[in-house]
Each structure stands twice: as C-alpha cells, then as structure tokens.
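Visitor: Each chain, letter by letter, is given below.
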Amino acid sequence: MKILRVVTLTAGCLAVIAAGPAAAAKYKVVDVSDGGGISGSITYDGAAPEPEILKVDEDVEACGGDRPSNALLVNGSGGIQNVVVSIEKIAAGKDWDMPEEEFTYDQKNCTFTPRIMLIKPKMAGTVLNSDSVGHNFHTISKGIYNINKKIQPGSKLEVTNKKIRKAGLVKAKCDIHSWMGGAWWVAANPYTVLSDADGKFSLSNVPPGKYTLAIWHEKLGETRQQVEVKAGADTTTDIKLKL
Amino acid sequence: MSIRIPAFWQAVLVLVGAWLLFSFAFPPFLPRSLMITYSIIVVTGLFLYFSSDEDRWAEFKSPIVNTLRDDNKALLRWPLLVIVSLLAAYAVYDGVRPSFDKPLELRQVHPSPPASIKVYGKSFDLGTLENPVRMQVLELLGKNEDSAWEAYRKAVTAGSEIYYGNCFYCHGDQLDGKGHFASALDPLPTDFGDVGTIAQLQESFLFWRITTGGPGLPTGGMPWNSAMPVWHEMLNEEEVWNVITFLFDYVGQVPRMWDAEISKAVTGMKDQVAAIRAKMSSEELYQLRCAVCHGETGAGDGPAADFVYPRPRDFTAGLWKYKTSPGDLAPRDEDLFNTIKVGLEGTSMPGWSRIFSDQQIDGLVQLIKRFDTTAIWAPEEAEDEDFDDEGRYLKEMLVITDEESTTGQVAYSEESVSRGKEVFDENCRKCHGERGRGNLTSGEFLEDDWGYRIWPRDLTKPWTWRATETSSGTDRAAVDEAQREATIRNIYQRVSIGIRGTPMPSHRAVDEGEEDAITLEDRWHIANYTYSLREDTTWPGERSVIQGIEVAGELPAGVDDEAWLKAPVSTFRLFPNIIKQERLFTPLNDTISVRVLYNSDEIAFLLEVNDRTESIPGGEVMSQLPDQSETMYSDALALQFPQEDAYSTAPVEKPLYRHGDTKHHTTIWYWNAGSVEPAAAARAMLFDASGPDAKLKPRASADDLFAHGEWREGRWRVLLKRPRGTQGEPANGDLVFRRGQFIPVSFANWDGNNGEVGSLHTQTPWYWLLLPHDTNYNLVFGAPVATSLIVLLIGVWIVWYLRRERDRSTA
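Protein chains in written order, with the numbering used here: chain A, 1 to 243; chain B, 244 to 1054.
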C-alpha cells in the first residue's frame, strides 16, 4: 500500500509499543552459599570544593538563616558520603536486608532529613513536617508517579506501598523553599548501599561472578566500574569522583 | 386568475424583501452604514422603474395621492404625517448624535493579484506560475506511481514541518485560522478549511500571498492591518511550495487549476488520500494529527514542542493537569476525551470535534493511555513481566470511574470571599501573589516536573484558565449563575487535587492517617475568593474603541490619581512578534489595558500590564526569580501613532502597523524601566519609524513626553503624557489629537525577565482612539425638532395643494 505511507508518516515506531520487547527480568531471591564481598571507599579526586551557601530568603524565622549545602559531603580525608553503590542488572542473589518497617522522611529547619534515603520498591512510609511553616512536598522522577502535596506544620503525608512501584531515582523538592533538596533511591536489588560519612561502602554475600558496579551521586553523576567477585573472598575497589 | 398587487405595494414589498435579504443572507451581518447605502440604492432603483412609464407612475402614486387628498382618509392622513415627521426627526438625531462607531473598513478578502511579482531575485508571472513540487509529482505519476507518491509524501512532510514551525501560531493546528495568537489579530487569520478560501484559489495566488505577506497587499486588502509576514525573507522558494502542498493536503482540497487534465489528476490523488484517511486506525490518526506536538512516542517532544508555551503534554509521565478523578488516581477516560474534544483554551491545544468523531476520540484515548510509563493505569497486582522495557503496561488498562467529590459547595457570597482571602493569604499568596496575579512573592524560580520554567496562573485573567473556566472567556456579561457555580467547582477541584506536573500541590488528604492541608469548607472559600478576583478585570474585547475623557485643569501626574477612574478601560490582547526576525514565540504577558484622559493642551495615557516580575537589571528583583542562564532586560512599553499626514479615516488608510512604511511614517512613544547595573534611570523616548526594514530614529529630545511607571503586586502601571498638538504647529509632523477624530494607536510591551528586548516583544495591531466631540445640545436636539416641524409643514402644504387641485379640476 503505497498511499498508506502518505498518511502514516511514521507508523513504524508504534509497532514497538504494540509488541514491546521482553520485560526486564525480575530479581530472584536465592540461597547464596559461597558469596564474596565488594567493599571500598569513594573519595573526591583532588581538593573538594567549598560547599555552596544556600540563601534562605523565605520564612527565614521558621527555617533559620543561610546554610551550606549538604548535597556534596566530603570529610577531611576526601571520603564522600551519600554515594549510591549498586550492582547493576544482577538477576538473582541474597534476600533483601533492608528494614521491613516503613521509612520516615522529615522536613526540619526547611531541610530534608536525611538528604539521601535508600528504599526498596513498594515500601510504605511517612513524610513529616517538623517545621512551623507549610511545605509543598514534591517529587520528581521518571517512570514513578510524582507526589505533590501541601504538608502543613506538624502534619504528615502517607506514602502507601502502592505509590513507589519501581526502582529508580525520586528527587524531592519544595516549591516554596527552593533551596530544599533531597532524593530517594529506590533500589532494584538488595546489592545497593549508601556510602557512610567516611565514604566507605560494602556489599556482602554476592554470588561469584563478574559485575558492573553503578555509582551514583547527586552532584557528581553516574559512573560504572567492573568488578569480579570470587567465592568467599572480599574484593576491594576504590573509586575517585569529581565534579 | 391571478391577483395583481398594486404598484405602490409592489414597491413596498421589494424594499422589505431587499432589507431582509441584506440583513440575513450575508452572514454574519452587514454594517449598518452599508445597509443604509444598499437600501438607498434599492429605493432609487424603484423610483426609476416606476417613473419610467407614465401609467405605472400614475398607478404607483395614486394610493399616496389618495391618502393625502381624499376626505374619507383624514383619520389615516394626519397620524401618518405626524409619524413621518417624527421619523425624519429621528433620522436627523441619529446623524448628529455623538457616535462611537468605528470608521468603516471594507477589506477585500481575495484582492486581485498583480500580473507578476519579484521575489528570490527573479520575476514570477502569476498567470502561468504552477507549483513545481506538484508538477514534478504529476510528471512522475505517469511513469512510476510509487516514486510519485514518495515525492508527494516528502513534500507534505517537509511542508508540515514548515507550517508547524512558522504558521500554526495564527492559522491554527487544524488550519482553521484559530491559532493560539489569532484572537489578538484583526482581521483574523484565514481559515484554510473553509471551502471559500484556498480551494477557490490557484497555487500561484498562495505563493504571492505567502512570499510578499501583508505589506504586499494592494490598498484594497488593507495591508496596514495584516499580520502576515513577508515570508520570502524567512523561507526559501522550495519551502513555500512545500507548505502550499501541505495546506491542500491537510484540508483535503485541490487548488483551482485551468488545465482540465492536470486538475483531474490532482483530484484523483486527493480522493485516494481521502479514502485512506477515512479508515485510519487510531495509531495512524495520532501520527497524522497529534505527533507534530506530542511526539511519535507520546513524550511531548514533537517538532513543534519547542515553540509553544505551555509545552505539549508528555503522555509517558502519568502527570495530567486537568482531571476529575480523586486524589492521586489516574484521570478518567472522560477527562482525556473532553480535553481532546474541547481543547484547552489559551494553549496551542485546539478542540478536535470538527475533525474527529467521538469514536475516533475514544480510540485516541485508549492509545494515549498506552504511552504511560508510570503504571498509573496498571492494576496493583501487575507483575514486572507485564511491562515492557520502557515501563509501558502491556495488558488491559484500568478504567477509572471514581470522581473527585464536589459536595458541600459553599454559596458565593461576600463572607465566603472574605474568608477565602484569609486562607488564600496563608496558603496561596507565596506563588499566586497578593492579588492573585501570579507574581510569586516567595521569589522562587519555579519549574515543572520536566524541569522547564513555569509561572503561577494569573488568577485575575479567566480567559487563560484552560479547562477550569467554563465561559468562553471574552464576554463577562454572558456568564450566568450556573456557569459561575461550575467554574467555582472546577477551581475547587484544582485546589483539592492539585495540578499534576506543576508546583501546584494537592490540599486534600487522600490516604488514611492524613489530614486535609486545607479543610473542605476553606477550599470552597478559596474557590469563591479566586473567582472574585476577576471583578476588577476588564476582559479583552469588552471595549474596542478607546474613549478619551476630558478633564478640567491639570492631568494626573501619577498612576494612583483618582481621576483615572473616570476613564473607561479598554483591554487588548498582545501577541508576540512572530512576524519579523528575530521572532518571539513564547510570551508571558497577554493583554494590555489603557485609559485616556485629556485637557485643552495635553493627553495622558495610563497603560497597565500584568507582569509577574519587575525587571530592572541589577535592581531589587527577587533573588531567585531571574533565569540565571538568560540575560535580564528592562521592562518597557510603547505606544505608536501615525504621523499627522500618514492616515485618513474616510476612506481608511493607515501605516503598516509594524513601524509604518516608506509613505506612512509613525511616531513611537517609548518608556523603559531603566536599570541599576548598568546605571540608567527609567526614561521616556520618542522614535520616528518609516518602515519594517528601516532603523528606528530616536529623537534628540523627548522633553515634551512625560513618563512615570510603577510596578506593584504583579502589575506595571505606566503614565505617558504629551501635548495634544492643538496649540500652534506641531513639530516633526506629529499627529494632532483632535476631538471627534478617530486616531489609530497600537501598543507594544517588553517583558525583560522573559528575554524580551529589541524585536523580541509583544504588540497589538491598530486600534482606534477617540476624543469625543463636545456634545452640542442645540444641534443634537434642535435639528431634529426643526426637521420634524418642517416636514409636517410641507406635508400640510401638500395636502392643501392636492385638495385645491382636485377642487379646481372638479370645478
């Protein structure tokens, strides 16, 4: 049908939608008997930049004054906190060791606490407002439904287990106080950790094999690193990041 | 046997018939003055006809003469004479009373084209010129049908891209002349779908109209009112032919062609396309009509997406602005259906009811739901395997049936509005401003969920409310109580569930354990208060002639002077300069309001523009507001008038409204808010303009132009004052502001925080300003009274004369 081409300018792309490719394999929990570990530290490459000073120009009394940004936290020896380290596309492995109970995310002094929170899909939780002013709790993500709700002082928002159905990054903001920044990292598998205040991380009970480590930081972006895990052994990998 | 109507009554019947014909047969309606002209012609014709023959004339006049003469007609005669004299009095009164009727502008819609035009450095003979793209396709059609269709498809696709990058702002998504800036224009852009337009024209006519634009029109086409750009400056020859090919393809019409053979071949192709289109699938329909804005995969990233604000919806993100399902639930199918069918006023999304059947819209709704990657239409128990790699749900989609409740509506009353204001101040003011003008008292830089800059709604302008406003948005008087209640319910729903994808949050508890951010009752009060914000607004189109008001003594020196309240406000739509490079596609300020006061020496204009930001570079603009990636410029406003000898009202002639032309110069009064860094005070300037291509010439001195501007609560108010020019000889050929004279005036606005500077600005076409004549009561009432007496006397004399003649002849 030659004329059909005239009308269906680019119908081809729709075929993809109609019969989509096979869905991503679901993570399977199995017994890991001979697992190894991956640990290391994440450090800033060179001298860490001075934290940006956030200007507080709205509700100064309730929020407190200007403050240094906590988006990039580097300790005295260069260790970077709040870096998400995860094994990419691992099909099967240990059970989730994240707490089963609900998460709590707070807004205090017009700052999100904690800055970065690690959760798993279909987890329920509560967003609190411990301030004396209202916040517009607003999440931004791709493929995960965005929340945008006014939370009055002392009030809260319930995140039911239906809300966050998929893994991915959920950024948090408040439209009234633009300096407020935070994020939830929804883990795709249990091999997902946050680096501590010294920039240290460790993943345990990993089935032997070759993996790609995905390293994400809010300001420093995403990098990848290949690692090999041997049965019963600990692999150390040190990662350097910079702006 | 036939009934013969007497000659006199024949004449009356013809006259009544003609009047009815003129009144109703030419939609929408003829102007009054034209009706009168036509009627006079008919009456003259009737007289000529009946007086051309002695017998006919005698028959015609006999009932008149009888009535005036016969003894048994006295009861009819004297009231008739009184009525005729009163009618004469009214006619005179109508002629001498002060009138605000605009001068008549009769525009030829399809003026005769010249024999040839010179563009692209060559001469085109319009009599023989044919569309080379079409000719090539036709030539191929004889040899290889496949490649002919291939060439045709290529031209239409290329033409479509040109159209949506350049033309659709005015001529509309559906080529119906209803583009999102069309309502600011007069005359309105051509509706290509109307069979009276391009289907009647040769392609060479379109080539002429497109390449030479408004300025290329002959005087009868009123080039000074046309916003049509001179496209040969911006598009090449091939692009113009491609877009012409696209126009005919989209509306399913063929151009007028003289060669019967060629015409038949073109019609054949059109019929084949029409046959295919009649049975398109939803996917094909979407790709043909929707993808240009919403993108091939529904991500809101079609080729036209970058040129519109607000941007087209991204169907993948699960964020639907206008929905009636409760809380966080996905929209109901009806919500999507209504948006497609009715469109979103004030955006580039038109209503599609003219083009799509309800069944086709249903199909599109189902297709659009499939684009979603956030699982909002997937059941809770859906497994990971039920989604593709992009996160699109592959099984049967949910159909949401729940509706957001609108129970407990609080009646619209003063008490409710005043309670609403309290709650509004507490919860909404930081974004929507003290008076709802969207001026962000928090000073925050707002982004939508895709990271594009977004501004809070100006709640004083209902015509920008998309789906929330239920009235058509231009006629306040036509809004009835039911519409008001419905609009308030819509506002209530927006407050309750928020506007997804924007910073507007929800204020109602959805999940257990939560409490409402604002109670049900207070949400109704807010809705009532928000509705009330329109009370001080003059809607565009409510008044189209600016009427100056005379004041005794000094004119106001400030913008808050009580005297301004005496002058009626006229509000006009602004449209961005999409006419000439460098062009602006995404303006923020959409209307300008004007009041005019004058005294014996001076005239003063108060211009008002709702502008969310006071843009004075380096000044105290709220810290986060400016877009860091863009330069901020000073806000500015301008008025334009023709020079004294550059316009007339009978017949109407004006300069081209973009800076006049070589024969018709204009004067521009310009005010600029100034800047702190670099240091420049707010200032007034005068410019001479002599054509769209000529550089503006600043006057060395603008000492006689007084200007003062103040920005407060999301609104600029700028006073511009200058001598009327009635005292002595006005310098520089400037226009004299005479009483009783219709004066063309146009407006321009620069929103410095929207990157507007130089040619990047908004503007209006010409409007009329009138400083009314003093009412001469002797004339207005004296003349009709005198006329009726004279008519009555003449009548009495005729009766006396006719009776004397009769008596003589019988004697």
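Any given hint could be a false lead.
[As the list claims (entries may be wrong)] With a straight-line cut-off of 30 Å between C-alpha atoms, the simulated DSS-like cross-links for lysine-lysine are:
| hint | chain 1 | residue 1 | chain 2 | residue 2 |
| --- | --- | --- | --- | --- |
| 1 | A | 200 | A | 142 |
| 2 | A | 142 | B | 664 |
| 3 | A | 108 | B | 664 |
| 4 | B | 638 | A | 163 |
| 5 | B | 638 | A | 122 |
| 6 | A | 219 | A | 163 |
| 7 | A | 242 | A | 142 |
| 8 | B | 397 | B | 513 |
| 9 | B | 421 | B | 522 |
| 10 | A | 89 | B | 638 |
| 11 | B | 584 | A | 28 |
| 12 | A | 55 | A | 162 |
| 13 | A | 122 | A | 210 |
| 14 | A | 28 | A | 156 |
| 15 | A | 142 | A | 162 |
| 16 | A | 240 | A | 171 |
| 17 | B | 361 | B | 809 |
| 18 | A | 28 | A | 163 |
| 19 | B | 361 | B | 345 |
| 20 | B | 664 | A | 156 |
| 21 | A | 26 | B | 940 |
| 22 | A | 120 | B | 638 |
| 23 | A | 94 | A | 156 |
| 24 | A | 28 | A | 108 |
| 25 | A | 142 | B | 584 |
| 26 | B | 513 | A | 162 |
[To be verified] Covered stretches of chain B, going by a simulated chain A footprint (3 or more residues, C-beta under 8 Å):
| hint | region |
| --- | --- |
| 27 | 461-475 |
| 28 | 560-573 |
| 29 | 738-744 |
| 30 | 763-775 |
[Unchecked claim] If the Cβ cut is set under 8 Å, some of the chain B residues that face chain A in the computed set are:
| hint | residue |
| --- | --- |
| 31 | 617 |
| 32 | 620 |
| 33 | 622 |
| 34 | 623 |
| 35 | 686 |
| 36 | 707 |
| 37 | 748 |
These are computed hints drawn from the structure, not numbers from a lab.
Using N, Cα and C, we set each Cβ at its ideal position, and we do this for glycine too.
Visitor: Determine for every hint whether it applies to the structure shown.
Guide: Cross-check of the supplied hints:
1. Simply put, residue 200/A and residue 142/A have alpha-carbon atoms about 29 Å apart, close enough for the 30 Å limit, and the pair holds.
2. The hinted pair formed by residue 142/A and residue 664/B fails the criterion: a straight-line CA distance of about 37 Å is larger than 30 Å.
3. Pair hint residue 108/A plus residue 664/B holds up; C-alpha atoms about 28 Å apart against a cutoff of 30 Å.
4. With a C-alpha separation of about 20 Å, the suggested pairing of residue 638/B with residue 163/A holds against the 30 Å cut-off.
5. With a C-alpha separation of about 20 Å, the suggested pair residue 638/B and residue 122/A falls inside the 30 Å cut-off, and the hint holds.
6. Note on residue 219/A and residue 163/A: the hinted pairing holds, with a Cα-Cα distance of about 26 Å set against a maximum of 30 Å.
7. Of the pairs offered as hints, the one joining residue 242/A and residue 142/A holds, with about 25 Å between alpha carbons and a cut-off of 30 Å not exceeded.
8. For the proposed pair residue 397/B and residue 513/B, the alpha carbon gap of about 16 Å is at most 30 Å, so the pair holds.
9. Straight-line distance between C-alpha atoms of residue 421/B and residue 522/B comes to about 27 Å, which keeps the hinted pair within the 30 Å bound.
10. Pair hint residue 89/A plus residue 638/B holds up; C-alpha atoms about 25 Å apart against a cutoff of 30 Å.
11. For the hint pairing residue 584/B with residue 28/A, the CA-to-CA distance comes to about 46 Å; that exceeds 30 Å, so the pair is violated.
12. Distance restraint check for residue 55/A and residue 162/A: the Cα-Cα separation of roughly 36 Å exceeds the 30 Å cut-off, and the hinted pair is therefore not satisfied.
13. Proposed proximity of residue 122/A and residue 210/A is supported: the alpha carbons are some 29 Å apart, at most 30 Å.
14. The hinted pair formed by residue 28/A and residue 156/A fails the criterion: a straight-line CA distance of about 34 Å is larger than 30 Å.
15. For a cut-off of 30 Å, the pair hint linking residue 142/A to residue 162/A stands: about 16 Å separates their Cα positions.
16. The suggested pairing of residue 240/A with residue 171/A holds, with an alpha-carbon distance near 24 Å, which does not exceed 30 Å.
17. Note on residue 361/B and residue 809/B: the hinted pairing is violated, with a Cα-Cα distance of about 52 Å set against a maximum of 30 Å.
18. Distance hint between residue 28/A and residue 163/A is fulfilled; the C-alpha atoms sit about 22 Å from each other, no more than 30 Å.
19. Of the supplied pair hints, the one linking residue 361/B and residue 345/B is violated, its CA atoms being roughly 36 Å apart against a limit of 30 Å.
20. A threshold of 30 Å between alpha carbons decides the hint, and for residue 664/B with residue 156/A the separation of about 25 Å falls inside it, so the pair holds.
21. With a CA separation close to 71 Å, the supplied pair residue 26/A and residue 940/B exceeds the 30 Å bound.
22. For a cut-off of 30 Å, the pair hint linking residue 120/A to residue 638/B stands: about 25 Å separates their Cα positions.
23. Distance hint between residue 94/A and residue 156/A is unfulfilled; the C-alpha atoms sit about 34 Å from each other, more than 30 Å.
24. Note on residue 28/A and residue 108/A: the hinted pairing is violated, with a Cα-Cα distance of about 38 Å set against a maximum of 30 Å.
25. Between residue 142/A and residue 584/B the alpha-carbon distance is near 29 Å, which keeps this suggested pair within the 30 Å criterion.
26. Restraint check for residue 513/B and residue 162/A: the C-alpha separation of about 51 Å exceeds 30 Å, so the hint is violated.
27. With a cut-off of 8 Å between beta carbons, the region 461-475 of chain B has 0 residues touching chain A; three or more are needed, and the interface restraint is violated.
28. Under a criterion of three residues with beta carbons nearer than 8 Å to beta carbons of chain A, the stated coverage of the region 560-573 of chain B is upheld, 4 such residues being counted.
29. Counting residues of the region 738-744 of chain B whose beta-carbon sits less than 8 Å from any beta-carbon of chain A gives 3, enough to reach three: the coverage restraint holds.
30. Residue count for the region 763-775 of chain B with a Cβ under 8 Å from a Cβ of chain A: 0. That is fewer than the three needed, and the coverage hint is violated.
31. With 8 Å as the threshold, the beta carbon of residue 617/B comes within range of chain A, its nearest partner Cβ sitting at about 5 Å, so the hint holds.
32. Among the interface hints, the one on residue 620/B is violated; its C-beta lies about 11 Å from the nearest C-beta in chain A, farther than the 8 Å criterion.
33. Given the 8 Å rule on beta carbons, the hint for residue 622/B is violated: about 10 Å separates it from the nearest Cβ of chain A.
34. A hinted interface residue such as residue 623/B counts as satisfied when its beta carbon comes closer than 8 Å to some beta carbon of chain A; here the least separation is about 6 Å, so the hint holds.
35. Evaluation of the residue 686/B hint against chain A yields a held restraint, the C-beta minimum of about 6 Å falling below 8 Å.
36. Because the smallest distance between the Cβ of residue 707/B and any Cβ of chain A comes to about 20 Å, over 8 Å, the interface hint for this residue is violated.
37. Of the supplied interface hints, the one on residue 748/B holds, with its beta-carbon coming within about 4 Å of a beta-carbon of chain A, less than 8 Å.
In summary, the structure is inconsistent with hints 2, 11, 12, 14, 17, 19, 21, 23, 24, 26, 27, 30, 32, 33 and 36 from the numbered list given earlier, while agreeing with the others.
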